[in-house]
Each structure stands twice: as C-alpha cells, then as structure tokens.
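Enquirer: These are the residues of each chain, in order.
Protein chains: 2
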Amino acid sequence: MEIAARSDAHAEHWSMATAIRALTLDAVAAANSGHSGMPMGMADIATVLYRHFLKFDPSAPNWPDRDRVILSNGHGSMLLYSLLHLTGYEQMTLEEIRNFRQWGSRTAGHPEYGHAEGIETTTGPLGQGLANSVGFAMAEEMLRARFGDKVVDHWTWVFAGDGCLMEGISHEAIALAGRQQLSRLVVFFDDNGITIDGKVSLADTTDQQARFAASGWHVQAIDGHDPDAIAEAIRAAQADPRPSMIACKTHIALGHAAQDTAKGHGALTDADQLQAAKEAYGWPHGPFEIPGEIKALWEATAERGRAARADWDSRLAALSEAKRKKLDAAFSPEMPAKLASAIRKLKKDTSEAAPKLATRAASQKALEVINPVLPQTVGGSADLTGSNNTLTEGLGVFSPEDRTGRYVYYGIREHGMAAAMNGMALHGGVRPYGGTFLVFSDYARASMRLSAIMGAPVVYVLTHDSIGLGEDGPTHQPVEHLAMLRATPNMVVLRPADAVEVAEAWEIALNRTDGPTVLALSRQGLPTLRTDHKSKNLSAQGAYVLADATGPRKAVLMATGSEVAVAMAARDLLEAEGIGTRVVSMPSMELFAEADEAYRRRVLPGGSAVRVAIEAGVRQPWDRWLTGERGREQKADFVGMSSFGASAPEDVLYREFGITAEATAVRVRALLG
Amino acid sequence: MEIAARSDAHAEHWSMATAIRALTLDAVAAANSGHSGMPMGMADIATVLYRHFLKFDPSAPNWPDRDRVILSNGHGSMLLYSLLHLTGYEQMTLEEIRNFRQWGSRTAGHPEYGHAEGIETTTGPLGQGLANSVGFAMAEEMLRARFGDKVVDHWTWVFAGDGCLMEGISHEAIALAGRQQLSRLVVFFDDNGITIDGKVSLADTTDQQARFAASGWHVQAIDGHDPDAIAEAIRAAQADPRPSMIACKTHIALGHAAQDTAKGHGALTDADQLQAAKEAYGWPHGPFEIPGEIKALWEATAERGRAARADWDSRLAALSEAKRKKLDAAFSPEMPAKLASAIRKLKKDTSEAAPKLATRAASQKALEVINPVLPQTVGGSADLTGSNNTLTEGLGVFSPEDRTGRYVYYGIREHGMAAAMNGMALHGGVRPYGGTFLVFSDYARASMRLSAIMGAPVVYVLTHDSIGLGEDGPTHQPVEHLAMLRATPNMVVLRPADAVEVAEAWEIALNRTDGPTVLALSRQGLPTLRTDHKSKNLSAQGAYVLADATGPRKAVLMATGSEVAVAMAARDLLEAEGIGTRVVSMPSMELFAEADEAYRRRVLPGGSAVRVAIEAGVRQPWDRWLTGERGREQKADFVGMSSFGASAPEDVLYREFGITAEATAVRVRALLG
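Heads up: the sequence lines are chains B and H, in that order. Letter 666 of the first sequence, counting from 1, is numbered 666 in the UniProt record's numbering, and no numbers are missing. Letter 403 of the second sequence, counting from 1, is numbered 403 in the UniProt record's numbering, and no numbers are missing.
So that you can see chain B by itself, here it is in the shape it has in the complex:
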C-alpha cells in the first residue's frame, strides 16, 4: 500500500508516526551519523503501542509498575529518543535530540541506561535487549507473586531486528522465556528483510515464526505499517498465556530513496533525499519542527498511564504498612542492618571453626545466611547448581507453576543468564546472582560487559577458578579470565582466600549498587587462614597484610584465592631460614587500587624487600603491583601460569606448573641473590 493511502486511512496515526520519522531524519542529518532505517520502519508499531497499550507516565518515569520498553535493535535509538521527547519526558528535550550522538548529550548513538529517564537498558550489541527482557519479565512475575497484582501488573515490550534474532543469545533468551511461559513479554520483530550486508537471505533463511513456536511462543505475522493489524495483534498477544512474538513486515527507511535496501540501515543524510522523503510523508515542517497539534496528540498518549499511576498510588496506599515496607526494601539498594550482623556472625563462627572448605562451598554457606535475611535475592546457575553451590534450602524454584520460587534453572545458557540478570537488576525489586564456571564467563562476556557499562549490581558466582579444578583440562581451566575481568572498567573482581574472605566478598558484592561483582571461587578445599576474627571487612580495602615478617622484612608475597595458602606455606619455609616474609592477601585489585595511597604504601611499602606474586592465572594484572620490566635488575617475580592448563589431578597440576610453596621460596631466594 502506498504511503498516501495509508495516511488517508489513519490520518492521526500517520501524522504521529511521521513525527518520529521526521525527527529521526533530522537528528541523523545533524549528526551526520546514525541509523535512520529502523525508526522509520518501526514508527507505526511504536505509535500504536504508545497510543493504545503502553502503561507509562513521563511525569513519573521510574514508577515501579510501569511497562518496560526495550529497544533491542538499539542502533535505532532515535525511535526511543523520539518517543521520549514526543510523549513529554522532561529530560528528553528537543535540544538533546538536536545533539544526537554528541559529547555530553543524553542521546548517545545507542541508548545508554542512565543517560535519560525512560531508557530502561543499554542496547546496541545485538540480541542483548531481547535477552534482558526475559529478566525484566521474570522479575515482574516474581514481584507479582510476592506483592500481588494490585501493585505489580505490567508488561515488557521489545523491539528487535534480524540481527537480534541471528545472534546466538536470542536462542537462549527465547528458549528460556518459552520454558518459563512469560506471558507478559511481547516481542515486535522488525521483519524488514535487510541487514548491513544486504538481504537477510544472504546469510539466513530461518523461519523465525516456526522457530519461536518451537520454543513455546505465541506467534503472529502482520503488516507492520497497518495500525489496525498492529493493535489487533497486540490484543491477541495479551490474550495468550505464552510469550508472544509478532513478526511485523516492515519497510526499512520507509518512504526514503533507500527504502528496502541495506543503505537504508545506516545514516541517511542526503539533503535532497531527506526532503523528498518528507514530501512523500506530506510533512511540510522544518527540521526538528513538530507542530503543536501533533505534539499534543503524542502527549495525550500518556494520559492513560497517568491515570493508571494515580490508581496505583491509591492501591499502594491501601497496602498494609508491613507489605509496603517490604516492597520499599525490595527496591532499595540499601542493605538491611541484619545482613551486616549476619555476616559478622558467620565470620566469627568460621574463624573459630576454621574449616577446610572450597570457597565455592563457603559461598553456599554465606548464601545460607544471606538469602533468609534478603528476600529480594534471586539465585540461579547455568546448569551447574551442585558445582556452583548457588542453591540454598527453602529458596524454591521459579517456574510457571511457582512464581514465588527464588531459584532459576537457567539451563546451559551462560549468556542468556547474564543478560536476564541484567534485566532483573535493572527492573529492580530483585537482586540476582548466578553461577557458572569462571572459564565460561567467556560465553557470558558480552552481557557481563553490559553489566559493567550500565552499573547493574549483578553478582557473578564463578567457580572452578583455576587449574585447581583438575581433570577437566584446559578447556575448563581459566588462566586469562581474572586478567580479562580486571581489565573491564567498573567490574569488581573478588577472589577470596578462605571462608572468611568469602563472607566478606559477599558483603561487598551485596552492598555494591553501581556495578557488577565477580566472585572467583575454588573447586578445591582451602584452609581457613583468617582464624583471628576481625569484625571489620578486611577485604573491602582490596588487600591487607595477612601475616607479617617476624624479623626484618626481606620479602613480600602477594596472592589471591587458593594461592594465599601457597604464600603462607612459602612464608613458613622462608621464615624458617630467617628470611622475614610478609604475606599480602589481595582479594580485589580494583578495591585496592581505590584505597588511599597511604594505605597502599603501608601494605606494599617501598624499600629493598623483594616482591613475588602468586596466582594460578597469567601475570598481566600483577605487573602493576610488581616491578615493571625496566631493563634493570628485577626485584620481583611471578609464580603463576603462562600457558593453558592441562588435564590431571589438581595437586599434580600445581606441582607441574610450579605453583607451590617450594617453587615460590626458590624464586624469593633467587631474587635475594
């Protein structure tokens, strides 16, 4: 159907949708960069959604019971920015739209969480938003089960493109959502048949509807430019008990010379073509000009949500005070005082009992203390529950039959798990943690990076954190992963040395509100080194003196996790020879780097003492704490890995790779000459 016929049939709708297209064309032209085609193609879908269905209130953008809109094909950011501006989100001024993709603007190339209200998640890396949305929808189900549908009753709406659906993460997300029957999740698939390289069919001939159906979704296919069809499909999606995918046939860059071509995906900046497109739309207005009556139509779309919020406020007020307090607590980043006391007690008991325990097992013991006092935690594992030690008694399993369950069997889907946890953390009301092996953070990497970019307080429980996992061999043994995670900005990595440090690590992780935390935990049993109880969280400064030299200090040994015990044993050997040796436990380099310089110098003083770091991983992150290679005599050394691991029992591997007390002592003696 021609544009003219469409606009005649639905004049108001088309003027509203055209406002999105015009703003998109203008912003991309001003920036001379960006992606025009998607907003121009999905404008009709968005217009119908906002006009007739979406529960939102620009005057209360963080209202907990709002619907969530996820722009998984985030390169089409101008769709979201246009919607936020047109419907009246205060922060999304026309000035911001004019500054699209400029330094300091709220309108980054891709939607960035935290840049403006109404941006629910950071997207751009394809498939992530779709996978986040599974977490959003799970959080909604969990909170509805916990607090009732009078205060929790909303939907998650996703815009997604071919790119999102080609990425592997989409499979994990779709299968998980299907298994969990997340009926409040609706995905609009921008079925425009175009990718950057050309037609989708160059690379993909998958029947997307059949594929979603195979994972238990409700599927429909419609003309994505027909407002009646869109509305009808949304109603059908809402009526069905399954998650819903609506394949919307659209024209990328609708109405532009580049319509239906790969060129249409990118920045359409040609002035004549831009003008021609506006003429085709019957849009005579100047750049960034939105006529008042069209703006008014858009602002009116928020009325339904405003009324809904007012109703919600009164329902909230009618809740019992106890329930309201619980609801507030669930959404609050503040940890309850009883968490701190529970952790302190755990530390004290642990220091006294001094068990030999794998830190993954100690983590479970910590969770057994944490989960009862923190009802918002939601645990899970990517099919390694018994290995990650992430399930505690009484959590219950989240499923369509039991939405009160607080444990998620994510399946063998590390990536989907991490992305879902991002969604949960951003939704609020729940605090997700999830487990896999440290080495399989590789699979989850793209989502973990987004946790860090967004500052999402997700806790990654990454066990089997070195060659110490033994026989499974190099594919399962991380050696570079600590370096990789430490290299990632805003990621806090904690590798606790014993059960006491594990308790401290969990306390740090749960009190962290502005970013993800990795707990790197051992498979193998480790002795309790912190047998002298200190109520203070010593790990919070990143590193501390665990044992000092008895005489003059000649050597400083630094280590993390399972290698702290190696350092302590090396110290015994060295001290016995009269070599005064300090052992520094460094559970977190990031936290130590943030500690004040005076403290850092106290822990790692200058002078002639030699330094040796011990970690069953690569050296790269340690150079900062050792001597650099300056072309002069080395006063420092590293005991660790410089290759991939091998398959053998744990003790054999430590011996063969030379990560032992004896080998450490040899290095110290060599440095001391």
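If you're looking for bench data, these hints aren't it; they were derived computationally from the structure. Keep in mind that the hints are not guaranteed to be accurate.
Identical copies carry no separate label here, and so any pair may be met within one copy or between two of them.
Okay, derived cross-link-like pairs now, DSS-like style, lysine-lysine, Cα gap no bigger than 27 Å in a straight line [stated by the list, open to error]:
#	residue 1	residue 2
1	263	356
2	365	263
3	338	635
4	536	323
5	365	199
6	345	55
7	295	635
8	356	536
9	345	249
10	263	249
11	345	326
Please build the complex by placing chain H on the supplied structure of chain B, with the hints as guidance.
Expert: Okay, now just chain H, sitting in the frame of chain B:
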C-alpha cells in the same frame, strides 16, 4: 526394550557397543573422575556409524578425504577414545585409556586437538564442536568444488547433546548450516532428557526437531539404541540434500543404576554398581579387557575405509600434476614465495605513496594483493563486510549455488563465524579470515580461546578498534579488549600503526601456523609513518624504533596502532623543546616478548629516560613495559583509557579522554620534573 532383548537381536553389534561402555566404566573408575553417561548412551550410534558408514583409516589418520567425527558433547571423551583404541589408531593404546585424565596422557578429560590422531577438534565448552562442524562441512564443499569429487568427497558427523543445543552458538551454527544447505553434515542429537541439574525440562521445553526444521534441516527421530533404526536414519540423512539432524532417544548411562538420571552424567565409580552394569550387559571380562574377537570386529570396521583410501590414492595419482600441486599447496602451511614478494612490493608502493588511510582500508588493500596469490584464503564477515573491508574483488560468494565462492556472509553471528573458522582451519585446505568489530570479539570469545588452545591458524580481522570509531558509543568501543586478547596464551595480537605495518601484520598472520592472529584495525584514517621502505618485516619483532631522539634521549614513547601517530606528534612537540624523544612502535607485545633480550634492551634501554605508553585502551598490558608501582617515584606514565568510552565524533573523544600529543607532552614534562 530390555538390554537382553536388544543384545539377542543384534549380538555382534551389542558386543561391540558394550566394549565402549565397559572401557568407559573402567577408565572413569580408574581416574575416579570423568563422564560415564554419554558414551554409554551413544555407544550404539557410534557403533553403527563406524561399522557401516564412516570413511576412516586408522593407518592414515590424517588422510585428507577422511570423514570427520566431531564430539561436540566433549565430556563424553571416552566415547571417542574407545573408538580410536578399538578401531586401531596406533597412538590410542590401552595404556593411554588406562591413564585417562592423567598428566601427560593423550586422553585428557575432554578431547584435545593434537593430543592424539583422530581427535579432529578440541571440545568440551558446549556447542563448539557443532559450530566447528559447520566450518568442516563448508571446507569440504569448497575443496570439492575446487578439486572435484574424485579427491574430495567426505562427510562430517557430529555427536551433540542437550547442552550443545541450549547454548546460543548452536543457533548460529544451525542457521548458517541451514542457509548453506550443507548436505554432508549429519548431527546425532543425544536426546536423553538429562542435564547436570536434572531433567532437561527443568530449563528447556524446546522442540528441537521443529527448531532445526525451521532453519532448513532434514530431521528425524529414532530410538538411539536400535542399530537398524540408526542405520536407516543415516541412509535417509545421506539421501537428503539438506543438513541432517537425527534426534536419538537414548538412555544416559544405559544399564547402570544411574541410568536416566543426572547422576548418570558424571563419574560412575561405585565398584558394585559398575560390576552390576557389566553383568547387565553380559560382559564377564575384567577391567580394560577386550576379548580378541570383539577387538577384531572393531578393527574390521576400518577395512572399508582402508579400501576407500587405496582407491583414493589411485585417483589422486591420476590427477594432473598441476592440480596435485595445487592440492598440496592448499593443505601446506608453507606460504608461497610470491606472497613474500607481493607483500614487499605492497610495502614499497605504500611507503612511496604514503596515503592517509584507515588501517581497515589498508587491510583490504593487503587482501587485494594476498587473495590472488593465495587461493586457499576464505574471507568473511559477521554482517560488517563494508566496515571490516574483508571482501576483495573476484573472491566470489560462497553459497549453495556457488561452492567456488571464497567469501562467506556469516550473518550476525560472530561466535558461529569464529567456530566455523576453527573448523575450516582444522579441516585444512583453506585459510580462513573473518571480520567483526573488535568489541564484538566478546561474542566470539569462547571460540577464539579455542583457536588459541588448538593452535588453529585463524585470522581475526577486528576493526573499529578503539574510541576512534566515534559516535556509536561505549557499547561499540573496545577499551579492555586488547588487554583481554593479549592475556590469552598463544594469541598473537597485532595493532598496526599504518598501511605498511598492516601489510607486515598480514604477512605475519599468514605465516603463523600454530595459532590465531588478531589484527586490530582502525576505523579512522591514519597517516603513513613508514615512508622509508624497508624490505624487512619490522613488525615481526613486535616492536621497533620508529623515530629516535635527535639529541640525548630523555623520553621513550611507546604506542600501537592509531596512537603511534599521536606519539610522533608528541615527539615533535618535545623535540622542539629540546627533549630528545624516541618513539617505539609496538604492533605486537607477544612478538616483542619473544624477541631476544638484547634486542628488547636496545629498543627499550634502561637509564634515566622516562617512559610513556599511549594506547586508546586500558593500561593493564602496558605495566610490563613501564615501571611497576613500587612505592617510589614514578618514572613512567600511561596515556589511554580507564573507563568506558562515549558517543561523540572521534576527534572530540580523543580530546576529551586526553589521548593527544599535547596531553602526552604534558605527562613527559611532568615526569622529567
């Protein structure tokens, strides 16, 4: 059906399959670790495959026209080790099986490529083998098109489990294979309904058959313990022009007390239960004991392949000498002399013309020289062809209609692309390279690690390698990725500074036979710095003096890629003030670390000169080449990133993040006091 009834109906088959089960039980018991359930469940499928279909010859394990067997569910490694031993692969002695999972054995916990002949790829991280297999099958198609089916005519057979099919990478692999109609690819899905956490249905209710069918596969469902059904299904798979998935209903840990349970997945070591299982099989033999007649039956399965190889030898001999030479060249790791001369000429021309060129564009120019002289290269991109500059004229596009095409549109599937390239590289006869943005190496990470573990000579063309990509913002701007890749053992990372270094980088990458190479390339234009032609490959030593101090050396600036020009500009500023400044271009830290110490000291001498490194990434990998933090006065500094990037034009970003010549000069002056 009971085991007894099955064994009565197919006595020979069952005795052979039982040999696999018995060896598995014995090896896992001896190791006291491992995974018993899968080999016990898939033994019948493997037995039928090897007896009646597989083209293999243990006496010529690397015969290029052999069928490939890929154990994607690699934890079931004892299936493969048993098959290799039973059929007579010389390296896979009974002694090796006895040493399952021990230091120095060929029988690692998961199959490790290179440990023993017959192990076609390293598996264990789930889904990887399945995704490798797509590359194996593509390589076969390409070579068959190039050399004819008289010498290239084989199949790729994959064993895969639920874990493989839950991982996102499976979607990328399945969709790519479906699009490419890889008819020589057959996947046996071990449909046993069990994962580590329990029943598959805990986490997944996907209809796998429907899902494969949605991506254009031929699908069947059979009883995976019925030899007749297995054989019939294989025949049907071979007759169909699509890739084929056979869902085999199996019992994990068949015949053991742990059959059909999650416990059956792991190590079944209980002596009584082990004995009971053997009794159920009617297997009275001792541990590791294989009766001669059963071993003979197994060895006889190789006869068909041995005969096929003899036939193949005569067909090969009948080839024209020219064609045989080409075939040899395709499979040889040796680069032709004309490649070196072509690169030398390109360097010379480039030094003379001295263009301002993005290194990604320079990479395309290099490929335009390389691809014609190296007919085994196979290029591709994960839907960023025009951005990665990976397509050169005349390559042709690989498709079902044109198997001679040397360019693959991988789709938006970075992970699937990397895994397919691993498969191609391991298959041999082709040299794959593939492109995406550096930041999206995150998606491909698990497969890239496997390239490094296996020593697969894959070239990763990773463009848009810093904040220099500009407006797309932090989700698209790598900052930690150079650190991550450098932290990975056996990964060579090259970040060339100009078009000349790009040519050198490609030469290094193509001459590398034992591992992957990353080329980190700029989006933005860069000046030619190497205007003085040197035929020697200066990048091969990892770092070299690009410009030396004119007077006494007071400062050494080190940089890579786009920041080398920044260093040169800073040098201009500093030299103008009389501060003698050396600039070291360091395209590859790995190669520099391998250079001899005397050379390293010549490039980075000791003494009082201050050192500043400049790279638009995080500092972590640079500490080694700078001064460590020793609690004493710093004589070194770093100009780079310590946070994620932002969305703005490139030049604004460099200025705002302080990565400029001026900022560098300020740091140098400060260090000099």
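Enquirer: None of the hints should be skipped; say for each whether it holds.
Expert: Hints and how they fare:
Only between protomers do residue 263 and residue 356 lie at most 27 Å apart by alpha-carbon distance; the minimum there is 26 Å, versus 62 Å within a single protomer. In this assembly of identical chains, residue 365 and residue 263 lie within 27 Å of each other by CA distance solely across copies; the values are 23 Å between and 56 Å within a copy. Within a single copy, residue 338 and residue 635 get their C-alpha atoms no closer than 46 Å, and across copies no closer than 48 Å, so neither meets the 27 Å cut-off. For the identical chains of this complex, residue 536 and residue 323 are neighbours neither inside a copy (33 Å) nor across copies (75 Å), given an alpha-carbon limit of 27 Å.
Proximity of residue 365 to residue 199 under the C-alpha cut-off of 27 Å is restricted to the inter-copy arrangement: shortest distance 26 Å between copies versus 53 Å within a copy. Proximity of residue 345 to residue 55 under the C-alpha cut-off of 27 Å is found in neither arrangement, the shortest distances being 45 Å within a copy and 65 Å between copies. Taking identical chains as interchangeable, the C-alpha atoms of residue 295 and residue 635 are never at most 27 Å apart, the minima being 69 Å within one chain and 60 Å between chains. Within a single copy, residue 356 and residue 536 get their C-alpha atoms as close as 22 Å, which meets the 27 Å cut-off; across copies the closest is 58 Å, which misses it.
For the identical chains of this complex, residue 345 and residue 249 are neighbours neither inside a copy (60 Å) nor across copies (51 Å), given an alpha-carbon limit of 27 Å. For the identical chains of this complex, residue 263 and residue 249 are intra-copy neighbours only, at 18 Å inside a copy versus 47 Å across copies, given an alpha-carbon limit of 27 Å. Within a single copy, residue 345 and residue 326 get their C-alpha atoms as close as 24 Å, which meets the 27 Å cut-off; across copies the closest is 73 Å, which misses it.
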